[in-house]
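A.B. asks: Following the hints, put chain B in place on chain A, whose structure we already have.
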Amino acid sequence: MKLLLVEDNLGDVGLIREAFASCQAEVEIRVARDGIDALDKLDRGAHADRPDLILLDLNLPRMDGRELLSRLKSDPELRAIPVVVFTSSNAPRDVAKAYALQANCYLVKPPDLLGIERVVSLLNEFWLKTVRLP
Amino acid sequence: MRKDPFRLAVEASPTAIVLVDENGLIVFANSRAEQMFRCRRHELEGREFETLLPGRFRGEHPSAFLAQPLPRSMDAGRDLFAVRQDGVEFPVEIGLNPVETDEGAIALVSIVDISERKQAEERLRLAAQDLARSKAELEQYAHAASHDLKSPLRLITSYLQLLEQRHAAGLGDGARECIQHALQGARHMGQLVDGLLAYSLVGAKGLTVTRFPAAEALARAEENLRSAIGASGAEVRTGDLPVVEADRALLIEVFQNLLGNAIKFCAQSPRIEVSGSSSGEGWTFGVRDNGIGIDAAFAERIFGLFERLHPRDQYPGSGIGLAICRKIVELHGGSIRLAAGTERGSEFVFTLRKDPRSGR
Numbered sequence: 001m002k003l004l005l006v007e008d009n010l011g012d013v014g015l016i017r018e019a020f021a022s023c024q025a026e027v028e029i030r031v032a033r034d035g036i037d038a039l040d041k042l043d044r045g046a047h048a049d050r051p052d053l054i055l056l057d058l059n060l061p062r063m064d065g066r067e068l069l070s071r072l073k074s075d076p077e078l079r080a081i082p083v084v085v086f087t088s089s090n091a092p093r094d095v096a097k098a099y100a101l102q103a104n105c106y107l108v109k110p111p112d113l114l115g116i117e118r119v120v121s122l123l124n125e126f127w128l129k130t131v132r133l134p
Numbered sequence: 001m002r003k004d005p006f007r008l009a010v011e012a013s014p015t016a017i018v019l020v021d022e023n024g025l026i027v028f029a030n031s032r033a034e035q036m037f038r039c040r041r042h043e044l045e046g047r048e049f050e051t052l053l054p055g056r057f058r059g060e061h062p063s064a065f066l067a068q069p070l071p072r073s074m075d076a077g078r079d080l081f082a083v084r085q086d087g088v089e090f091p092v093e094i095g096l097n098p099v100e101t102d103e104g105a106i107a108l109v110s111i112v113d114i115s116e117r118k119q120a121e122e123r124l125r126l127a128a129q130d131l132a133r134s135k136a137e138l139e140q141y142a143h144a145a146s147h148d149l150k151s152p153l154r155l156i157t158s159y160l161q162l163l164e165q166r167h168a169a170g171l172g173d174g175a176r177e178c179i180q181h182a183l184q185g186a187r188h189m190g191q192l193v194d195g196l197l198a199y200s201l202v203g204a205k206g207l208t209v210t211r212f213p214a215a216e217a218l219a220r221a222e223e224n225l226r227s228a229i230g231a232s233g234a235e236v237r238t239g240d241l242p243v244v245e246a247d248r249a250l251l252i253e254v255f256q257n258l259l260g261n262a263i264k265f266c267a268q269s270p271r272i273e274v275s276g277s278s279s280g281e282g283w284t285f286g287v288r289d290n291g292i293g294i295d296a297a298f299a300e301r302i303f304g305l306f307e308r309l310h311p312r313d314q315y316p317g318s319g320i321g322l323a324i325c326r327k328i329v330e331l332h333g334g335s336i337r338l339a340a341g342t343e344r345g346s347e348f349v350f351t352l353r354k355d356p357r358s359g360r
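Taken in order, these protein sequences are the chains called A and B. According to the working numbering, the stretch in the first sequence is residues 1 to 134, in order. According to the working numbering, the stretch in the second sequence is residues 1 to 360, in order.
Because the hints were derived from the structure by calculation, they are not lab data. Computed from a prediction, not measured in an experiment: that's the story for all the values here. Don't be surprised by glycine CBs; every beta carbon is placed ideally from N, CA and C. Fair warning: there could be bad hints in the mix.
To be verified - The list that follows gives simulated cross-link-like pairs (lysine-lysine, DSBU-like), each with its CA atoms no further than 35 Å apart:
| no. | chain 1 | residue 1 | chain 2 | residue 2 |
| --- | --- | --- | --- | --- |
| 1 | B | Lys3 | B | Lys135 |
| 2 | B | Lys327 | B | Lys354 |
| 3 | A | Lys73 | B | Lys135 |
| 4 | A | Lys129 | A | Lys41 |
| 5 | B | Lys354 | B | Lys205 |
| 6 | B | Lys327 | B | Lys118 |
| 7 | B | Lys205 | A | Lys73 |
| 8 | A | Lys129 | A | Lys73 |
| 9 | A | Lys97 | B | Lys205 |
| 10 | B | Lys135 | B | Lys118 |
| 11 | A | Lys97 | B | Lys327 |
| 12 | A | Lys2 | A | Lys129 |
| 13 | B | Lys264 | B | Lys354 |
| 14 | B | Lys135 | B | Lys205 |
| 15 | B | Lys135 | A | Lys97 |
Said to hold, decoys possible - Simulated coverage check for chain A against chain B, where a stretch passes if three residues somewhere in it have a Cβ under 8 Å from a Cβ of chain B:
| no. | segment |
| --- | --- |
| 16 | 6 to 13 |
| 17 | 103 to 114 |
In isolation and in its complexed conformation, chain B is listed as follows:
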C-alpha cells in the first residue's frame, strides 16, 4: 500500500509536531515528539497538550488559540520550557498554526528544542563578560604598571639632577657625561612606559562610533600638531574626504601619528597630501609625503611595537605611533600598509570598515 507522503514528511521532520484538537487533546504526535518527550506515541496521543509544559506555563493551551486562529509563536519574547516524561525541563520554541480538517479546526503545534542554542548563547554571554572584565583589568593593570614603573624613574632622574647641581664643582667631565647618559636612559624609559600605556589603552573601552566628516578629524589632528607644522613649514593638502562612521578620537590619533611622522621624517619642507574615498565596504585614506622614505624591506616591521629605523638622536620618538595606528584601524576592521616608500617620500594607506564589528 502506498504511504501518505505528507504523513511521511511529518514523521521525518526534525521538529517535534503534534496536532491538538479544540479540547486541548493531542490527536497526533510525530516520532521526533516521542524522542523529545521521552515517551511513546500512544502515551502522547489522547493526553492534554498542557501536560507537556511545566505548571507555570499552563492555561494557554492551543485549543484557546483556535478561538483566534492566526499563526504565531507561543513564547512571545519570553523563555518557554517544555517538560519531558521524566520531569526534566528543557527550553523550547513553540509555533502554533491553525489547520482546518473535515473533523473541525485543529492546531498544528511545532516544538523545537533550543537547549543547544541557549547553551551557546550562555557561552557567548560569559565570553563577552570575560572580555569586558579583562579589558577593565588591562586598563587597571596598565595604569598601575605605569605608575609603579614611573615612580622609581622619577627618583633616578631627580637625584641624578640633584647630584649634578649640588656637586657640580667636584664632578669631572667624565662623571658629568655619565650622569647625562643615565638621565637620557631614564627619560627614554619614561617614554617607553608612556608609550606602552598609550598602546595598551587604545580602544580598551571599546569603540564609540559616530558619523562625521573625516576632514574634521584631519583638521583636529593638524590643530594638535600646530607647533610642529609651524616650525617645519609643512603644507598639508587635502582632497575631498568622505563622511565616515568611526571612533572620532581614534581617527584623529591615526591622522596625527601619520602627519607627525611625515613632518618628522623629512629633510626639506614637508609637503603632505591626504586623500580619501568611500566604497561599499568602507573607506580608504592615503597620506603621502615628500620625506626621507622607507625601504620596502621594512614595510611590515615599522608597524611593530617600539620599532625604529633611525637612531633616537637623529629622529626622536618612542617607535609606537605606527603600532597605535595599526591597532586603531584593526579595531575598525580595517588595515594599514606602506603603499610606497621611495627616497622621494612615503605613502601610507589605511582602510576602515563600515561596520567595524563585522571585521573583528
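The shape of chain A in the complex, shown without the other chains:
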C-alpha cells in the first residue's frame, strides 16, 4: 500500500512513521510538506505510483490542506483517492468545511503517543487492510 502523507511538521511525520511501524503496517509512506508539493508529487507520478490513500494535515504553508482537498476532489484523475484529514484542529468549522470539500474522513490528532498509535493502527486496519480501494 502507498500512502501520501501531507504534513509540514517533521515531528509529526516522525511520530506517524513510528506509529505505522509499531502496528507493522505494510505501507510505503511518501511525504509532501505542503499542498503544492503534494500536487507536484501526484502529477509527476505514473498512474501506478499514485497513492492508495492521502493523509492530510490542514494547516500547511503555501497551499493549505483545505485548498489541496478542494483541488483533489475537483480533479477527475485524483478525486477517487480517499483523503483522510489528520489535524490537531477540533474546530467544528474545520470539520464541517473538510466534509463539505468531500474529505472521506476527519481525524483529530491525539495529544500523546499512545493515542496516535491507536488512531494510526485503526487507520491501518480500516483504510489499508479492510477497505477495497480503487
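C.D. replies: Quick look at chain B alone, frame taken from chain A:
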C-alpha cells in the same frame, strides 16, 4: 395687549409646526420651522408645503390628507426627509392632524428633525456590527491559538513517551522521574489550553434562550456526570425547580460544574441538594453539598480564571469551572456567589434574569 396663549405655546414648541390649507399652501409657520428650514417666516408662509420635501417625496401633500382627515404620521414606516432652504436634506418625522377652523379645514403639520436619533441609531448599528465581528474573530482566534499551542505540546509529550519507551534500559530512575515531570507539565498545559478555549467560547455565539424546566437541565448534567456520581456514590436531592427561560446548554454546564465540584471536593459520600425558586425578576438556584467547604476568605477568588485552592495532585482540575459558571450566569444578567463555605460543606447560589438582555 394680551397675547394669545395658544399662539405663544405654538411659538415656543420645540417641534416645527406649520399649518397647511386645502390648496397645499403654508398659512402659518412657527419659529422652530424657521430655524429648521433656515428661512424667514414670510418666506415659508404662502409657499407650497411640498417644497419643504425633496422631489422624491412630493405628491403626498397635506391638502390631499384633508380629504381623509385622520391624524397620522406621514413617514409610515419609511425614512422621510425634508430639505432646507440651502438644499441640505435631513431626516424627519412628520405628523398630520386635521384642524377645523372658521375658514375651513387645515392640516396641522408637526415636523421633528431626527438627525441626532438617526446618527445614534447608526452608531448603535456599527457598534453591534463591531461586536459581532469581534465575537467571530475571538472564536477564530481561540481555535487557532488552541490548535497552534497544542501541536507543539503533542510533540513534546509524544517524543518524551517515545524516549521513555525506546531507551528505557539506558535511563536511570532520576531520568525517568524528569520525563514524568515533563509529561505532567505538558498535560497540565494541554488542560489549560483546553480550559482557555472553553472559557473564551462560552456564549461567543450569543445566547439561545428557550423556555424549559430547570429540572431537565439538572437531569442532563447528572447524566453527563454519571460515572463520577456512580464512583463516588453521590446522592443528588432536588426540590421543585422552576421553569426557566435561558440558554439550555449553558445552564446544563453551570449545573454540571457545580455538581462536579461538589462531588470532587468531598471527603465522604457526597450529598448534594439543589433548590430553585422563581421571582418577578428571574430565578434563583442553590447547590449545597457536604464537602470539604471553602474558606470565606476565598469567596471571590474562586471565580477567577485558573484559580485553585488545592494542589493538583490532591484535587485534579484546571481551575476553570467556576469562572465558566460566572461567565454564563452573567451572560444571563445574573450573578453567582458562595453563600456558605463551612467545614460541613459549601453552598453556591446563582441567579438568572428573566430578560437576559436587560441585565447586560
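A.B. asks: What hints, given by number in increasing order, does this structure fail?
C.D. replies: 1
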